[in-house]
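Visitor: The residues making up each chain are set out below.
Number of protein chains: 2
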Amino acid sequence: MAEDSDTALYEQVARSVEQMIHSGTLRAGDKVPSVRRASEQHGVSVTTVVQAYLLLEDRGLIEARPKSGFYVRAQMHHPVPAPEISRPPSAVTAVTVGGLQSRLFQATGMPGVISFGNAAPAPELLPTEKLNRALASVARRAGKRGVSYNMPPGTSSLRREIARRMFDAGSQLSPNDLITTSGGTEALILCLRAVTSPGDIVAVESPTYFGVLHVIEELKLRAIEIPMHPDTGMDLDALEQVLQRQKVAACVSVPNFSNPLGSLMPDENKERLVRMLGERNVPLIEDDIFGELYYGAHRPRVAQAYDEHQNVLLYGSFSKTLAPGYRVGWVAPGKYLQKVQSLKLISTLATATLPELAIAEFLATGGYDHYLRTARRTYEGLVERVSNTIAAHFPQPVKMTQPKGGFLLWVELPPTVDALKLDDLALEEKISIAPGPMFSAKQGFRNFIRISCANAWSPKIEKALIRLGALVKRLM
Amino acid sequence: MAEDSDTALYEQVARSVEQMIHSGTLRAGDKVPSVRRASEQHGVSVTTVVQAYLLLEDRGLIEARPKSGFYVRAQMHHPVPAPEISRPPSAVTAVTVGGLQSRLFQATGMPGVISFGNAAPAPELLPTEKLNRALASVARRAGKRGVSYNMPPGTSSLRREIARRMFDAGSQLSPNDLITTSGGTEALILCLRAVTSPGDIVAVESPTYFGVLHVIEELKLRAIEIPMHPDTGMDLDALEQVLQRQKVAACVSVPNFSNPLGSLMPDENKERLVRMLGERNVPLIEDDIFGELYYGAHRPRVAQAYDEHQNVLLYGSFSKTLAPGYRVGWVAPGKYLQKVQSLKLISTLATATLPELAIAEFLATGGYDHYLRTARRTYEGLVERVSNTIAAHFPQPVKMTQPKGGFLLWVELPPTVDALKLDDLALEEKISIAPGPMFSAKQGFRNFIRISCANAWSPKIEKALIRLGALVKRLM
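Those protein sequences? They're chains A and B, same order as listed. Okay, so the first sequence: first residue is 1 according to UniProt numbering, each after it adds one. Okay, so the second sequence: first residue is 1 according to UniProt numbering, each after it adds one.
Each hint should be verified, as a subset may be incorrect.
Since the list can't tell identical chains apart, any single copy or any two copies may satisfy a pair.
[To be verified] In silico DSS-like cross-links for lysine-lysine, where the CA-CA straight-line distance does not exceed 30 Å: (1) LYS339 / LYS130; (2) LYS144 / LYS430; (3) LYS67 / LYS473; (4) LYS463 / LYS144; (5) LYS144 / LYS130; (6) LYS399 / LYS430; (7) LYS339 / LYS421; (8) LYS247 / LYS473; (9) LYS430 / LYS339; (10) LYS335 / LYS442; (11) LYS460 / LYS144; (12) LYS430 / LYS463; (13) LYS67 / LYS31; (14) LYS220 / LYS335; (15) LYS339 / LYS460; (16) LYS442 / LYS220; (17) LYS460 / LYS421; (18) LYS463 / LYS220; (19) LYS220 / LYS339; (20) LYS463 / LYS421; (21) LYS220 / LYS247.
Hint data in this document are derived by calculation from the structure and do not stem from the laboratory. None of the values given here were measured: they were computed from a predicted structure.
Work out the full structure: start from the sequences and follow the hints.
Guide: Now the structure itself:
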């Protein structure tokens, strides 16, 4: 009880400072009232004020400067609006995005290319040396285990760490509910294979990660695209209408920091989504790959936290947060556990042993948490810088999302600009982007692009963005 | 020319010694005529005799004893006949082996179980420490590359090494023809997905590796089983009849040391197989996973060496020869290269970077060749010991294959013995086997078992085999 009222107290203090910032009373670079003064002003303890300021720091509103106090951070003043809620065609669609995906990955692999296209963090932003050292150390110690099959469900110490972490996301998983996978990619295809047959209809976000569309295409499934709100994600009324209208075999959603929008589905929507699908026995395939990269004060809950019927297949990976090249992901397939495990046997049989052991150790020793605390701030700052640069240098009208986590930005260009042509022009100048049509079953979003902000900021990056703006202008 | 006649000369010398052994003139433990004496006898140079003796040593017929000369090795006297050529039903079959596969892998993972069931080499038989050290070293040096995506087609240095090695198997592959995969398992499913659609018929060996059947089951394909000769593999007349009778979407074959028979398809059969399928535009999926573990003097050719129309999808892996747990395999998909690469993107996106780099380095520095020279002799010796033990301790009538490579033995038990029941009894005593029905679409081969000989020989292993024989007797 005491704790509850304390919580309320420091949140009140935080809110009042936040209002001062939003109203313009406090501007970027201004010093926030000292802890002692604020304690007197609000009639609360010094500890409570410190808690409040740490919360504001977590939210990216203020920053501590050593031996000086707290200052208001440079805020993005949102000079550009967010895109409207998407309006995908309501018809069921066959999908063809495989070619675009291959093209993007080829571009990414070309030497000297500045990659805004691929949603993989630049190695400079990852705990690269620490992790490689952890792997070297594990490899020296592993002996027989290192070369032996790590049969599904995979390394138990890693599954234990994942289950423990997901508790913070409201999920009550045991290690036995989890199977490790070769990245999130394998998790996704295993889930879709477990719950669909060729010809089935899958409800997907619009725009959605092109990998989802590519799997749907290859498994000969069909997609029905659900409109997305740039802040809150899937439009659940629209989904409900679809469910009433036709038989859907599964729904794929990224409630936490959708790709490409960075939207965050509110908890009440997550609960409704799970209930709505559960009632109709339609499995929810939930992607939580970006879930750890939240900008807010708390780890957002997963929709699976509201699942009482094992109807959610939840998956995640360490590809966005630690090492894409280690290929370590996981899935908690709910009641489809046996089926997914059987499919894993024919997909890759087992996941590479030593990368899993290295990541398990990195998690257990606290290296992951330590890294994530910095990474969240880094990505929030990078997204802000990229947004500001685009706002300043792209021709009007331009619209942009305001991501709540992750490192992806979804940019709406002037209506006449063809993103596929922009992609061609940009690639000639060694700049890679992900054109909007990749994110739609019907190749919609022709004047949209996805920009990954996970490159260490540099004059070169800034110059490339400015150049991109010039190319957009040329295509208007 | 000179080389050719030299070759003929030393092979003549070798053949004459071989005849002396087979006729009983020279028995196990006898000293072979000294190099000097043989050189006089045959009227050839000392060098030619040494070449002949090294060839015989390679074939496992004689062995060098330091400072003493060459001696006849203890031979397996083949006290038991090989099984007959298999007679699978000629009808097309839906497949259900997934459950049996899961059961086998669970048994293998149980602590204290002696595994004759799983076809994975015991880590004691692998260059475990060397390889783990190579990985540790690569991880320390890799920097950014170690954590980054290793996008398909995969590490170029590894693909170069594989292409170079496959040249010895008669294959003229360039690194650009290859894609690395997460073990042979991923290669197989990618190949089958690339060339089939649900409902299609796939011609498979009978008996065949259960993984092939499990994929066929999950992809909703149907199998037609082709009889296998225990020495020469697939019965090509039978295959031809099937091809004349019905539309087949693909043929899966393991010409070099089939699993479970260890048979070796003669070169002329390989050529005929490729021609037969090529003429009808039926893709051949060729598994060469055991190809490096030959007991004979030469690396056997792959069937793909005879392919002039890019109609063969050839794959291999390092799981039987280096490290199952590293999950490194490869595929040369012929004209299906683009399709397989596109499927790889949705299957696992990329293969783990550092295990590939470690194996590439192990190959480039000669560690692999060095290891394989020993491993071939080791497996040949182990297969012989296991065969002799079974021959001595299993109740009659028992039949066994005489593998030409690899480390698997296919054992036919007395007709009344049910291998699934034997599996139950054995597992109670912590002995794992692979029962025959796993190797057939129709769960035939009820009185067969597959025994993996890839365990370091020990009294414990011998005791377990003897115990297995007692259990067979109980079930008669």
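Visitor: How would you classify LYS460 and LYS144 at a CA-CA limit of 30 Å: within, between, both, or neither?
Guide: Only across copies: LYS460 and LYS144 sit 19 Å apart there, 46 Å inside one copy, limit 30 Å.
Visitor: Within a copy, between copies, both or neither: which one fits LYS335 and LYS442 at a CA-CA cutoff of 30 Å?
Guide: between (32 Å within a copy, 29 Å between copies)
Visitor: For LYS399 and LYS430, with the copy left unspecified, which applies at a CA distance of at most 30 Å: within, between, both, or neither?
Guide: within (24 Å within a copy, 65 Å between copies)
Visitor: Checking LYS463 and LYS220: alpha-carbon separation at most 30 Å within a copy, between copies, both or neither?
Guide: For LYS463 and LYS220, the Cα distance exceeds 30 Å both inside one copy (42 Å) and across copies (52 Å).
Visitor: How would you classify LYS67 and LYS473 at a CA-CA limit of 30 Å: within, between, both, or neither?
Guide: neither (46 Å within a copy, 84 Å between copies)
Visitor: Classify it for me, LYS220 with LYS335: is the Cα-Cα distance of at most 30 Å met within a copy, between copies, both or neither?
Guide: So LYS220 and LYS335 pass the 30 Å test inside a copy (24 Å) and across (22 Å) alike.
Visitor: Give the relationship of LYS220 and LYS339 under a CA distance limit of 30 Å: within one copy only, between copies only, both, or neither.
Guide: So LYS220 and LYS339 pass the 30 Å test inside a copy (19 Å) and across (15 Å) alike.
Visitor: Using 30 Å as the alpha-carbon threshold, which applies to LYS339 and LYS460: within, between, both, or neither?
Guide: neither (48 Å within a copy, 36 Å between copies)
Visitor: Go through the copies and call it for LYS463 and LYS421: within, between, both or neither, with a Cα cutoff of 30 Å.
Guide: Close inside one copy (20 Å), not across copies (71 Å); limit 30 Å.
Visitor: Between the shortest in-copy and the shortest cross-copy C-alpha distance, which are at most 30 Å for LYS220 and LYS247: within, between, both, or neither?
Guide: both (16 Å within a copy, 22 Å between copies)
Visitor: Please work out whether the CA atoms of LYS144 and LYS130 approach to 30 Å or closer within one copy, between two copies, in both situations, or in neither?
Guide: Answer is both; intra-copy 24 Å and inter-copy 11 Å each pass.
Visitor: Can you tell me if LYS463 and LYS144 fall within 30 Å by alpha carbon in one copy, between copies, both or neither?
Guide: Between copies, since 23 Å is at most 30 Å while 50 Å is not.
When each numbered hint is compared with the structure, violations occur for hints 1, 3, 8, 15 and 18.
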